[in-house]
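Asker: Residue numbers (our numbering), protein chains in the order written: chain A, 183 to 499; chain B, 58 to 345; chain C, 892 to 1498.
No lab work stands behind these hints: they were computed from the structure. Hints may be right or wrong, so weigh each one.
List of simulated lysine to any residue pairs, SDA-like, C-alpha gap at most 20 Å [as the list claims (entries may be wrong)]:
#1 Lys955(C) with Ser312(A)
#2 Lys955(C) with Leu320(A)
#3 Lys955(C) with Asn427(A)
#4 Lys123(B) with Ile103(B)
#5 Lys955(C) with Ser397(A)
Here is how the chains run, residue by residue.
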Amino acid sequence: MNALLVRLLVSRIAIAILTLLFVSVAVFLGTEMLPGDVAQAVYGQNATPDAVEGLRRALHLDQPAYLRYLLWLGRLLTGDPGNSLVNNLPIAELVATRLPNSLMLASVTIVVCVPMSLILGISSAIWQDSLYDRTVSLATMSLVSVPELVIATLAVIMFAVNLRWFPALSYSAGLLSLNQIFQLFALPVFTLSCVLIAQIMRTTRAAVIDCLRSSYVETAVLKGARPMRIVLNHAVPNAIGPIANAVALSVSHLLGGAVIVETIFNFPGLGRLLVDAVATRDMPLIQACVIIYCAAYLFLVALADIAGMLSNPRLRH
Amino acid sequence: MSVDHNNTAIEAPAQPRRRLPLSLGGMVGATIVAFWVVVAIIGPYIAPHDAGALLDDDLFGHMRWKFPLGSDYLGRDVLSRILVGARYSIGVATVATFLAVLMGGSLGMLAAVSRGPVDMTLSRLFDALISIPSKMSALVLIAALGSSIPVLIATVAGIFTPGVFRIWRGLAINVNALDFVEVARARGESTAYLIREEILPNISGPVLTDFGLRFMFAVLLLSSLSFVGLGVQPPDADWGSLVRENIDGLADGAPAVIMPAIAIATLTVGVNLLVDNLPRRWSSTVEH
Amino acid sequence: MAPLVKVDRLCVTARDERGNNRAIVKDVSFEVQRGEVVALIGESGSGKTTIALSLMGHTRSGIKIAGGSITFDGQSLLDMRSRDLSIVRGRDIAYVPQCAAASFNPAHPLLRQVIESSQIHRVMSAAEAEAKAIALFRELALPNPDHIGQRYSHQVSGGQIQRLLAAMALVTDPKLVIFDEPTTALDVTTQIEVLRVFKTAIKKRGTTAVYVSHDLAVVAQMADRIIVLRDGIIREVASTGRILTQPRNDYTKILLAAAKPRVRAATNGIRKETSVPPVLKVMNVVAGHGAVDERGIPAVPLLRDVGFSIKAGSTLGVIGESGSGKSTLARVIAGLLPATRGEVLLNGTKLPRNAAHRTRDQLRRIQIVFQIADTALNPARSIGRILGRPLEFYNGLVGDKRRRCVAELLDMVHLPAAVADLFPSELSGGQKQRVNLARALAAEPSLILCDEVTSGLDTVVRAAILDLLAKLQRDLGVAYLFISHDLSTVKAVCDEVMVLYAGQRMEYGSRGALHQRPRHPYSDLLISSVPELRQGWLDGISEMMPKETSAAIAGVAGGETCRFFERCAVRIQGRCDVEGIPVRLLSKGAEIRCQRTEQELIELFTP
């Protein structure tokens, strides 16, 4: 059976790589759909035919599309996606200053959220339909359906304006004290956590409850097992697959949410860079940022699938 | 034969059909959704002021009789702007979701009923498309095409189509595997008949639930886009734009920034409440 | 001595989807003496499982014990706190559930679950429990008893799972064991092995047991005393012998009558009308899933070279266990799963393999009725519309004419005309199956493919549907292909019988011939495995029957080898698993496919 598992894993990873290639084509085509011409767009009103022609050549715009794609892909893979059209800085450098901040934001959020949402999810499955369960369910249902911008707005009003715990929307460059770092991360992490906890908790609860309805749980009850043993020994091991899947999927959604949250809190991350690039139509920068996000997303989704496979006893044994 | 008749008489558990019951949460959700839909339709006609007029000298004015929800960063009436903005927030999301359901739903059912190569081609295509996160697709498309209402509708519809396809196909495949569809197929019925008469009526409930959830996600996505300045463009404004343009009032806790945020929250929570409380399998009991 | 279990005026209610409480067990009182096996017998909805579970103080969700008392070994179960109840469960009372595979946690190895109750109650050390479990595995005739416990539930067969569940129940030496339909999901040839080891284990220990079943013949082998239930009320309580020979209650009599095979076939034996082509002729059909090779053999063949014919107005029974390809056969004939090789002829005319390429008249002449009445009717359409559609589709009937025709059809299947306005969810299982039949009749077919049409139904309803099928055949002259796993049903309605095993036609002959030896070894196993409605049958059957074995097929050289090889009691190693199977015509008139000659079979199967 293990050979089968290995084959499944290998094919899953191959699919992820193929999909990433597909995504790169899609992103390339998407950004090439721009009406008019990048060169024209850069110079705008003051374009002289010579200057436009020169830039076109420099950007390889005179080459056929597939060649430009291959050139672009090659540069991307070698870590040199070119320069920004807007400020002419190397994109690699722009990304390098922002990416660590975003990664930090995501990791802090995951570390805060995952244990908390698992505890909430499993406990409300144990005390299903109790007052506790209903309160938690209602709260997470509301959080899931509210956009990050609303949570962020309300969080600022509550914690920054009314309670004055944190500065509302400030980020000063330069050296940061530990306290400043905490203040910088607190509200963005809080906002992202609300959505993430809600999503993971709901899936966890559903997965555990689903297992609790199964025949083997009834069998365990009739063997005289106590509720704690039933949940931890019988339900949770079978819910690990769906839960791991939910965690990875929710974390991948976190990427999209981070774009918004970084913008709201003026947080110097990759998401903010991307939104600014879209606003200024800085195509090479957009391409690079989107590919990074998509790669991270695909990696997490593949991880979710693999977690599901590994936790399936039918495949493991 | 005596056993036979006897038995038919005994085992008739005739259950009267009845209307679906909505729980309290469902009623609350339905009421909120109905309220906002009505506002989206009649909003501009009941707005107390011109939504674009600069009326209040006091910027970020507090709530008072003349401006029930305060005034914004230019001194415009927030209530009127929310009433007018409802049309953009709800309208664009509705049209986009509807288009996505139309495309994804019909292709999904076609794939399920046709099986074989048609199903495989469509499924592969949409599986590939679904692997791009929705916010990324939106950003790329808006960067390429610029932001306008038609582009927003097309973008959101395009992004949601693969997901709708997947759900509809899955539901239709479940029904398609049932014996009554096999009976109809053995009878020689056409694909169109199978979709219309055998499959559609039996997936209408879950499909409606899916529509509700997708509408909610459309509202979330559109307001997020507007919030980062890539959605509905000035002078028009949806609720996301309202939050954005008044963000400077956040430090003072101005109603101009809180109220549109609350409008978004009530709408999306309302939809989710309604959808969450829909009966599990109402398709077969409601259909006549 | 006081009885081990005393149930007094037990009432149980269930909450339906509208939130109303409905009584499902009404005023039930009985006792179970120490060392006694008591059977609870009844059809679906009789409350038998509910009662069995309440003996452990357990109710499923939505179900509540509304009154009465249950005394177990001097303790009042219903007054106990849940902590105290869980001390009794698994230690003093054990349960052998029905849905076997699902009753094992897929995440843990089997042995760990088998000994779990002994560990929860700390009655012995883990090592002792494991040794005891392995001894039980050996006693219950499980293959490879020392290592089977390391496996997971998806790695063992249904019959083995059921024995593992019994070991799980017995490991703590409980005072009472509850068996809840333990063999219902098994094939008949597996059921008999399981029943035999269960019976031996119970006898050896003098176990007190409650045995829940819907099958009188099975219960007759296992129980000392039978409690007959219907609609939550006890109809009759008596010793097994008395229930079988002198039933007093009317319902018990109906149950007994329905369980005894009664021949309803229109014709006896094969009519010799060679001038008219048979209504259906199937020749050398191969079908399955996956890629098809150049010889027309699919990657996963479900039917291997099957052929037969059905005369107008007669019935061919197709019998086989799960995986025999019998349902596939119906789908191939209907054109839903196109054959990859071979031909299907309707009245002497070749039919296109795919239904999509058949003419409307060809489609009309063959109708199919499925096993599960629930899923065969579109829940979103009224009965009138469901029955009206074939009338409109094939005959262009509309409006008033169609409505009259629907009423006639309903009358034909003994349903009132008012049913036309109802929806499928408002009908009972038997009524739904009647509507399914009526829909097939609406096309005025010459052949109806009946795929396990009575399997989902209770004994009494099943008998009524069989009567109806026979009557319709007499009145309308329609032919049936009657697929079933249940030998007594096939006996009751068929003129000819075909025995399928793993997609191969093992035996084909008249109904009468099937009951005479010599038979194909598989037919023999199948027929002798059907429990008979008399006490002591299980103890009396010959030990000649093979155990579950698993010998690998040595190799396949040319032609199809016998698929029954692995389980055959009289197989010839080196021949059955290597050579193609010859078709032999036996002197009783039936054809079999077997390496053994008629003479050999006669000698081998003579006790």
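Asker: Indicate, hint by hint, whether the structure satisfies it.
Answerer: Taking the hints in turn, this is what the structure says about them:
no.	hint	verdict
1	Lys955(C) with Ser312(A)	holds, 19 Å
2	Lys955(C) with Leu320(A)	violated, 28 Å
3	Lys955(C) with Asn427(A)	violated, 37 Å
4	Lys123(B) with Ile103(B)	holds, 15 Å
5	Lys955(C) with Ser397(A)	holds, 19 Å
The structure fails to meet hints 2 and 3 from the earlier list, while all remaining hints are met.
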